[in-house]
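Trainee: Sequence:
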Amino acid sequence: MRDLRIATTGTKTYLEEICYEFKKMGSDDLHFHFLDTSVPIYTGNLKILRLTEHFRYQLWKQVVLPIKAFFKGCDIVFCTDNSVPLIHLGYKTIPVFHDAFFFETPQNYGKLWLWLYKKTALPAANRSPYIVTPTHYAKRQINKFTNIENDKLVVVNEGPKSLENSEELDTRQLLKSLSLTTGTYILHVGSMYKRKNIPALVNAFSKLKAGGHPDLKLVLAGPNNSSSADNDYRQVIAAIDDLHLQNEIILTGYLSDYELAVLYKNAALYVFPSINEGFGIPILEAFKYDLPVLVANNTCLPEVGREAVLQFDPFDTDDIYKKMEIVLSSPELQKEMINKGRQRLKDFSWQKTAEELVEVFKRAV
451 MRDLRIATTG TKTYLEEICY EFKKMGSDDL HFHFLDTSVP IYTGNLKILR
501 LTEHFRYQLW KQVVLPIKAF FKGCDIVFCT DNSVPLIHLG YKTIPVFHDA
551 FFFETPQNYG KLWLWLYKKT ALPAANRSPY IVTPTHYAKR QINKFTNIEN
601 DKLVVVNEGP KSLENSEELD TRQLLKSLSL TTGTYILHVG SMYKRKNIPA
651 LVNAFSKLKA GGHPDLKLVL AGPNNSSSAD NDYRQVIAAI DDLHLQNEII
701 LTGYLSDYEL AVLYKNAALY VFPSINEGFG IPILEAFKYD LPVLVANNTC
751 LPEVGREAVL QFDPFDTDDI YKKMEIVLSS PELQKEMINK GRQRLKDFSW
801 QKTAEELVEV FKRAV
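Sequential numbering from 451 applies to the sequence shown in our numbering.
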């Protein structure tokens, strides 16, 4: 549970949802222990304290967690943040490798973090009987960069985040505060990481506006990550300014789950232009709220969306624009995509994820 205090975006969703499902699954022959630390965790930006927190994280993973797991009599230590203990005190370990970003774009990570990852997380993973990955694409990439045997890499899909509307939340009030109305905006949910390719979406949206959609807006929902080295926040703002779209593109910043649910429910369509993903939970969230979904034709996104999504070249803003235009101008296509999205969503749930994980645990012991 310590990981939950520092997890963000998709990794936080994974941990929250899977813990909720595990808590429902306990039985006489299946017990879950949610191990935590009582020591506060530093999440600020002061360099010396961040370095200290790196050390404390390793101390937790490699010393404290093994001792706690030993005294709890655990058969499996399962960690969802790539890193499991090197030490095995009567248990086996299973990590989740969500993607291969550490190897594909090492320049986006601190040198100390990368060094520790290679010295601890990779050797620990090699000692584990299985490593969970969310898609076959992620499995291939992890195998390519780490040479971990394919037989040890087990694909277990994820599910949509449990976004629910609150009776206390006034939908009209939220939309009004963002200068939005139902069905008049395109939605993207996620942080401003470079791999999200948001400047390309901004440029494609500009072409869409010029092509005859004067009332349409673009909503970029999620934290700005302006202090991160791996972010496109400044580039996104520059693109918006250069194209004079300050009143047409809305950056919401961090939103609660309830607020995100409102935005999904009232959007016209969802566009996912990312150039690298390990899974892509927003695809399922958009399916859940009956949105037509357009995705980049690369990495895992076609695998997750299959025939329910319309694909485009994320490096070609004309193609992004044309695909959005096609969907917006065809109510029949929208209805078809929504129906296919509903069917595709049936293949995913966190309950299914939890059940498949438990089967992996049983095989391991």
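Derived from the structure by calculation, the hints contain no laboratory data. These numbers were taken from a predicted model, which means no experiment stands behind them. By construction, the Cβ of each residue, glycine as well, lies at the ideal position given by its N, Cα and C atoms. Check before you lean on any hint, since a few could be wrong.
Unchecked claim - Distance windows between CB atoms, simulated: (1) E503 to N789: 24 to 34 angstroms; (2) F765 to L539: 44 to 54 angstroms; (3) D763 to K568: 26 to 36 angstroms; (4) N576 to H483: 19 to 29 angstroms.
Said to hold, decoys possible - SDA-like, lysine to any residue: derived pairs with alpha carbons at most 20 angstroms apart: (5) K738 to E809; (6) K657 to D691; (7) K462 to E709; (8) K812 to Q508; (9) K542 to L499; (10) K796 to K812; (11) K602 to K738; (12) K790 to E757.
Trainee: For a quick check of understanding: which of the numbered hints are violated here, in increasing order?
Mentor: 1, 5, 8, 9, 10, 11
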